[in-house]
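Chemist: What follows is the residue order along each chain.
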Amino acid sequence: MQHLWLTAWTDILESLRAKWFAVYTLVFGSLVVLLFVLGLTESRVMGFTGLSRLMLTYIQLSMAILPIFVLITTVRSLAGDREAGVFEYLLALPVPLASWYWGKLAGRFLMVFTPVFLAMIGALAWGALQGAEIPWKLFGYYTGLLISLSWCFLGIGILISSIAKSVDVAQGAAFIIWLALLLFLDLILLGVMIQQHVPAETAVAIALINPMQVFRTGTMLLFDPQLVMLGPAAYVILDNFGSTGYMAFALLYPVALGTLTAWVGYLVFRRGDQI
Amino acid sequence: MIRTHNLHKRLGRRDVLQGLDLEIERGQRVALIGSNGAGKTTLIRCLLGEYTREGEVTLVGRDPRRFRTEVLRHVGFVPQLPPPLKMPVGQLIRYVASLCAADTRHMIDVAARLGFDAERFRHHPFVRLSGGQKQKLLIATALGRNADILILDEPAANLDPEARSTFFSLLAEREKEAVMLISSHRLDEVAALVNRVVELDQGKVVLDDRVADSVDLTSRLDCHIALTRPEPAFAKAITPWGFSARDDGTAWHGTVAGADRLRFLGMLSRYVALIGALELREIDDRRRSVQDRAHA
Numbered sequence: 007m008q009h010l011w012l013t014a015w016t017d018i019l020e021s022l023r024a025k026w027f028a029v030y031t032l033v034f035g036s037l038v039v040l041l042f043v044l045g046l047t048e049s050r051v052m053g054f055t056g057l058s059r060l061m062l063t064y065i066q067l068s069m070a071i072l073p074i075f076v077l078i079t080t081v082r083s084l085a086g087d088r089e090a091g092v093f094e095y096l097l098a099l100p101v102p103l104a105s106w107y108w109g110k111l112a113g114r115f116l117m118v119f120t121p122v123f124l125a126m127i128g129a130l131a132w133g134a135l136q137g138a139e140i141p142w143k144l145f146g147y148y149t150g151l152l153i154s155l156s157w158c159f160l161g162i163g164i165l166i167s168s169i170a171k172s173v174d175v176a177q178g179a180a181f182i183i184w185l186a187l188l189l190f191l192d193l194i195l196l197g198v199m200i201q202q203h204v205p206a207e208t209a210v211a212i213a214l215i216n217p218m219q220v221f222r223t224g225t226m227l228l229f230d231p232q233l234v235m236l237g238p239a240a241y242v243i244l245d246n247f248g249s250t251g252y253m254a255f256a257l258l259y260p261v262a263l264g265t266l267t268a269w270v271g272y273l274v275f276r277r278g279d280q281i
Numbered sequence: 044m045i046r047t048h049n050l051h052k053r054l055g056r057r058d059v060l061q062g063l064d065l066e067i068e069r070g071q072r073v074a075l076i077g078s079n080g081a082g083k084t085t086l087i088r089c090l091l092g093e094y095t096r097e098g099e100v101t102l103v104g105r106d107p108r109r110f111r112t113e114v115l116r117h118v119g120f121v122p123q124l125p126p127p128l129k130m131p132v133g134q135l136i137r138y139v140a141s142l143c144a145a146d147t148r149h150m151i152d153v154a155a156r157l158g159f160d161a162e163r164f165r166h167h168p169f170v171r172l173s174g175g176q177k178q179k180l181l182i183a184t185a186l187g188r189n190a191d192i193l194i195l196d197e198p199a200a201n202l203d204p205e206a207r208s209t210f211f212s213l214l215a216e217r218e219k220e221a222v223m224l225i226s227s228h229r230l231d232e233v234a235a236l237v238n239r240v241v242e243l244d245q246g247k248v249v250l251d252d253r254v255a256d257s258v259d260l261t262s263r264l265d266c267h268i269a270l271t272r273p274e275p276a277f278a279k280a281i282t283p284w285g286f287s288a289r290d291d292g293t294a295w296h297g298t299v300a301g302a303d304r305l306r307f308l309g310m311l312s313r314y315v316a317l318i319g320a321l322e323l324r325e326i327d328d329r330r331r332s333v334q335d336r337a338h339a
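First to last, the sequence lines map onto chains A and B.
In our numbering, each residue carries its 1-based index in the first sequence increased by 6.
In our numbering, each residue carries its 1-based index in the second sequence increased by 43.
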């Protein structure tokens with residue numbers, strides 16, 4: 007365990023010095039500032055106003071930005087380190103492979119999640135100073151969803167890094183995966199599929215395995231409990247899961263998927279050439 | 044200490060190692076030479092357990108892939124190209140020392156002997172050090188712990204002559220109890236350091252020779268050079284070796300590490316038309332210390 011935390015701590019310090027982390031933090035920090043500047047806390051949508059409204063928008067924007075950011079920065083830095091000879095040197099030291107791999111994942115998770123979370127905390131603190139009511143339930147659930155989404159895409163990113171031997175291949179694969187998941191959101195391809203009379207069960211099954219869609223539906227549940235915005239597919243989801251069941255699913259499924267992909271990545275890493 | 048039997052490694056469509064058999068015993072200092080693509084780096088990566096392979100590889104009697112931490116505790120490795128680590132010098136030393144259960148003080152001392160003040164640069168990112176400083180630090184982290192298998196990939200390529208001389212002395216301190224595998228493109232770079240030469244070509248051992256172990260790694264040579272005329276290019280080349288000029292720049296004097304003599308003569312050969320006289324004499328340290336004491 008000592009080696010795992012040592013590797014995690016080293017990765018955290020390396021990330022703090024990296025440009026990607028500065029840009030990543032800046033993007034999420036700026037996002038919150040922008041939402042305040044635009045006066046989003048003053049607007050009202052479907053009965054949501056104040057900080058709830060701001061958090062709702064923030065979480066929707068996070069869904070668009072977080073996955074591609076996590077994927078690209080993870081594969082770029084890990085595949086880049088491998089290509090540049092960092093792995094060759096550090097893996098010649100007596101560190102257990104499991105500690106190295108899971109330590110890197112743990113360190114990276116903290117670095118990916120912290121700026122997103124801190125931006126949300128900053129928004130709450132500022133809102134509270136302005137006298138707005140803090141939506142604790144929404145905050146707790148959205149924090150859980152952000153943890154879940156970050157972990158999921160980190161797992162996918164580290165799997166790609168384990169398989170791909172060059173930065174270009176890793177980056178290309180990460181982009182294609184993100185694009186495929188984006189296309190299978192209800193907004194785009196699922197809408198077309200339903201229009202083309204694809205069975206609702208097929209459309210819903212696709213929606214249920216796509217972590218971005220699961221996240222999106224999960225975030226909708228708190229302000230649209232009947233999932234009116236989702237259309238007829240909502241009946242299948244609510245009949246099978248119920249509102250609370252789906253909220254739990256939206257938290258657990260991406261975590262499970264991220265853990266599974268990270269585990270497969272570990273097996274590939276352990277059994278194959280490490281550099 | 045190191046054994047490979049019928050070692051094969053395929054990278055893409057190419058058989059990089061083709062049935063390599065090698066046994067290296069304690070006390071042997073092996074030059075691993077060969078042209079680019081001969082398989083030197085691949086062999087090193089197989090020994091470090093970083094590559095999968097077919098065939099048998101053992102270090103201290105164990106497979107480095109199955110028992111990586113136990114095996115790698117014995118190994119000090121210096122890569123050919125320093126990794127672009129952003130971490131500061133102090134953190135790198137602490138990280139390596141912590142993984143190897145070593146004392147950071149010892150690594151800092153070795154770095155100081157090589158002419159690198161690790162304390163002064165402790166907050167400096169490793170990646171922003173000069174090539175020579177990086178090499179010195181990597182050597183310090185490899186030699187500043189109890190590693191009895193030293194795998195060194197072009198270790199002295201970026202070192203100045205003074206640091207090379209110290210590096211040879213550091214190796215000499217371990218020559219009895221350690222195995223050294225020193226990889227290089229050119230034999231003259233490492234010839235004086237080793238007592239065995241293994242040449243690879245297309246993944247096979249094409250030469251495996253024991254060589255006379257007559258060079259003392261700690262020896263030094265007193266050198267006088269007389270030139271036929273002063274030459275600025277010569278002065279520029281010999282000054283980094285610590286030589287100083289007398290007269291009008293036609294007489295030069297300095298000392299050269301014994302193990303570095305071939306490299307030094309290689310440098311001189313570029314100016315052979317200028318050299319009127321050359322004297323290289325091994326310094327007898329025992330006699331010199333007696334004379335020094337008498338003089339005092």
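No lab work stands behind these hints: they were computed from the structure.
Incorrect hints may appear among the rest.
As the list claims (entries may be wrong) - Pair ranges (Cβ atoms, derived):
1. A:Ala104 x B:Val170: 52 to 62 Å
2. A:Ser36 x B:Ser78: 52 to 62 Å
3. A:Ala211 x B:Ser78: 48 to 58 Å
4. A:Ser172 x B:Asp64: 48 to 58 Å
5. A:Val33 x B:Gly55: 55 to 65 Å
6. B:Arg171 x A:Ser36: 24 to 34 Å
7. B:Pro283 x A:Leu40: 30 to 40 Å
8. B:Pro168 x A:Val33: 45 to 55 Å
9. A:Ser36 x B:Gly175: 35 to 45 Å
Note that the structure is a prediction, hence the values are computed from the model and not measured.
We put the beta carbon where it would ideally sit given N, CA and C, even for glycine.
Chemist: So, for every hint listed, does it hold in this structure?
Modeler: The hints, checked one at a time:
no. : hint                            : result
1   : A:Ala104 x B:Val170: 52 to 62 Å : violated (28 Å)
2   : A:Ser36 x B:Ser78: 52 to 62 Å   : holds (53 Å)
3   : A:Ala211 x B:Ser78: 48 to 58 Å  : holds (57 Å)
4   : A:Ser172 x B:Asp64: 48 to 58 Å  : violated (33 Å)
5   : A:Val33 x B:Gly55: 55 to 65 Å   : violated (38 Å)
6   : B:Arg171 x A:Ser36: 24 to 34 Å  : holds (29 Å)
7   : B:Pro283 x A:Leu40: 30 to 40 Å  : violated (57 Å)
8   : B:Pro168 x A:Val33: 45 to 55 Å  : violated (24 Å)
9   : A:Ser36 x B:Gly175: 35 to 45 Å  : holds (42 Å)
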